[in-house]
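**Q** Going by the working numbering, the first residue of the sequence shown is number 1, and it counts up by one from there.
Please keep in mind that the hints were generated in silico from the structure rather than gathered at the bench.
Label-pair restraints from in silico Cβ distances:
id: 1; residue 1: S87; residue 2: Y202; range: 18 to 26 Å
id: 2; residue 1: L29; residue 2: M115; range: 18 to 26 Å
id: 3; residue 1: H134; residue 2: V76; range: 14 to 22 Å
id: 4; residue 1: N33; residue 2: G190; range: 43 to 51 Å
Pairs of lysine-lysine, BS3-like flavour, derived with a Cα cap of 25 Å:
id: 5; residue 1: K191; residue 2: K133
id: 6; residue 1: K133; residue 2: K17
id: 7; residue 1: K199; residue 2: K17
id: 8; residue 1: K39; residue 2: K49
id: 9; residue 1: K39; residue 2: K50
id: 10; residue 1: K39; residue 2: K17
id: 11; residue 1: K132; residue 2: K199
id: 12; residue 1: K199; residue 2: K133
id: 13; residue 1: K191; residue 2: K132
Here a beta-carbon is modelled for each residue, glycine too, at the ideal position from N, C-alpha and C.
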Amino acid sequence: MDVIALNIFADVPVVTKCWTIGCITVLILTSLNLIDPAKLIYSYDLVFKKGQYHRILLSVFNYGTLTWATIGNILVSANHLSYLESSYNERRRFMWLITLLLTLIITMTRYVLPMSSLGMILHENLVNFHFKKHADEMNGGAVGGFIIATPLLPYLMYFNMYFSQGLSLLEISINFLPAHLVYYLDDIVGKLYDIDLMKPPYDMWLSFQNWRLNDNTTSEHNGNNAEGIN
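Please construct the entire structure, taking both the sequences and the accompanying hints into account.
**A** Given below as C-alpha cells:
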C-alpha cells in the first residue's frame, strides 16, 4: 500500500507536490501544537502594518484542522492543481500565474477581510482561470436536472454564498475577480497589442537580452557594409 501511494505521489507535478507537502506539514504541526493556530489567520494589517509576513506563507498552506474532511479537501485540491499544472508546458509560466493571482488577492485583502485562507482563495482563482481559459473544451454539468456550462458552475456556489451566508459582493469577488483580471489582460490585451503578458520575468529578461544581441549584431553588420561601400 505504501509503495502504491509513493508511486501515485511520484506522478504529481513539482509545484503541486510542494504545495501538498506544505499543507500536510502545517496540518500536522498545528495538531501537535508546534504551530499556534492563531498564527495561521491572515490579516492585511497584521502582515503589512506589524510585519508578520509569515502569516502569508502559513495561510497559503492552511486548510483547516486535522480532520478526515480536511484531508479530503487537500487531496481534491491537489488533484485539481495537478491537472492545472500539467496543462502548462513550462513550469515557470504556472508559477508566474500563481504569483500574479496571489499578488492581486493580497491587494484585495486591504479592502476586504478574507473569509477563508489565502490557499483556498488561490485555489478558487486558479480553477476559475482554467475554466475561462479552456471553456470551449469543457462539458456542462447537471444541476437540478438542468445542464449548466462548466465555467458557470462556480457562480452557483457564489450565488448561494450571497443569499444563504449573507456575504457581500466584495467578499465573494475575491474568489474569482483576480482570475478574471489576469485572464482578460492575457487574452484580450495580449491579443490586441501582441504582447505575452503571461511571460515570466526570467523569460522577459532572456527576450530582452536576445533583442539587444540581435540589435548589436545588426548595427555591426550595417557598419561593416558602410565601410565596404566607402
